[in-house]
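With the first letter of the sequence shown counted as 1, position 156 gets the number 156 in UniProt numbering; the numbers rise by one all the way through.
A hint or two may mislead.
FRET-style restraints, in silico, Cβ to Cβ [to be verified]: (1) S186 - V40: 18 to 24 Å; (2) E74 - K94: 18 to 24 Å; (3) S25 - S102: 36 to 42 Å; (4) N121 - R46: 17 to 23 Å.
Calculated cross-link-like contacts (lysine-lysine; reagent style DSBU-like; alpha-carbon spacing at most 35 Å) [claimed, not checked]: (5) K94 - K66; (6) K94 - K194; (7) K194 - K59; (8) K66 - K134; (9) K59 - K37; (10) K194 - K66; (11) K194 - K37; (12) K59 - K94; (13) K66 - K37; (14) K134 - K194; (15) K134 - K37; (16) K37 - K94; (17) K59 - K134.
What the hints contain is simulated information worked out from the structure, not anything from laboratory work. Using N, Cα and C, we set each Cβ at its ideal position, and we do this for glycine too.
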Amino acid sequence: MDNCFIDITVEFLAVAFHNILYYGSVYPGNVFDTRRKYSVVVYRCRHPEVNHYINSCLKSVEECLKCGTLRRLEFAVTNDEYNPIVKFVFHFDKNSVHEENSDAYLVQVEQNLRAFCLNLNTIIGKFQNNIENKSFTIFLHTNESSAVSMSINPDLQEFPYVEVEDKTEDCERILPLRRFELRGYSIDTYVEIK
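Take these sequences, add in the hints, and give me the full structure.
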């Protein structure tokens with residue numbers, strides 16, 4: 001897999017995760033710092049345990065992307081019983097046709113990432129609720145061989161992997177966020193509201 005795609009995707013997911021936590025009011029606003037990314041203000045949590053969890057997940061994402069086995073990632077905001085309230089879904093597809101010189105300077109990619117961040121701010125208001133004690137979980141949809149190789153990788157061993165049964169869940173509605181192309185891959189982003 002293209003290293004540029006991997007680097008940009010992992011960086012984008014880090015920004016997305018922290019902003020979902022901020023706009024979803026999973027943690028109080030005072031534990032976030034503001035930064036500029038993609039020419040807009042974004043948020044980053046200062047809590048070391050939250051950052052450790054997110055960074056560990058992102059290492060796993062990077063490993064799956066390198067192997068070409070990550071198909072879908074779900075960032076679920078959960079209630080106090082750890083049941084998902086809402087899922088932010090990132091779906092990855094390899095394009096069969098890719099023009100090498102298309103968006104060579106990544107201008108369109110940056111515009112799409114900026115649009116995602118701005119859209120996130122407005123769309124979260126559509127399902128905000130007053131549930132206290134929210135938390136979050138990150139689900140990686142990959143294959144079994146990838147899961148096994150990550151579990152024996154010494155760089156990833158401190159992070160536990162739990163296989164989840166393949167089951168279909170109904171959701172009340174799906175709200176699309178953004179679809180964009182990046183170095184021969186498509187990333188679809190949408191929200192599943194429970």
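So, going through the hints one by one against the coordinates:
With their beta carbons about 23 Å apart, S186 and V40 fall inside the hinted range of 18 to 24 Å. Between E74 and K94, the C-beta spacing of about 20 Å keeps the proposed range 18 to 24 Å intact. For the hinted restraint 36 to 42 Å between S25 and S102, the CB-CB distance of approximately 38 Å keeps it satisfied. In this structure the supplied range 17 to 23 Å holds for N121 paired with R46, their Cβ-Cβ distance being about 20 Å.
Of the supplied pair hints, the one linking K94 and K66 holds, its CA atoms being roughly 13 Å apart against a limit of 35 Å. Pair hint K94 plus K194 holds up; C-alpha atoms about 29 Å apart against a cutoff of 35 Å. Restraint check for K194 and K59: satisfied, since their Cα atoms lie roughly 28 Å apart, inside the 35 Å limit. Distance restraint check for K66 and K134: the Cα-Cα separation of roughly 32 Å lies within the 35 Å cut-off, and the hinted pair is therefore satisfied.
A C-alpha spacing of about 21 Å is found between K59 and K37, which places the hinted pair at or below 35 Å, so the restraint holds. Straight-line distance between C-alpha atoms of K194 and K66 comes to about 32 Å, which keeps the hinted pair within the 35 Å bound. A hinted pair counts as satisfied when its Cα atoms are at most 35 Å apart, and K194 with K37 qualifies at roughly 30 Å. A hinted pair counts as satisfied when its Cα atoms are at most 35 Å apart, and K59 with K94 qualifies at roughly 21 Å.
In summary, the hint linking K66 to K37 is supported, as the alpha carbons are separated by about 24 Å, within the 35 Å threshold. For the suggested pair K134 and K194, the alpha carbons sit about 14 Å apart, so the restraint of at most 35 Å is met. Among the hinted pairs, K134 with K37 is consistent with the structure: their alpha-carbon atoms are about 26 Å apart, no more than 35 Å. With a CA separation close to 26 Å, the supplied pair K37 and K94 stays within the 35 Å bound.
With a C-alpha separation of about 24 Å, the suggested pairing of K59 with K134 holds against the 35 Å cut-off.
When each numbered hint is compared with the structure, no violation occurs for any of them.
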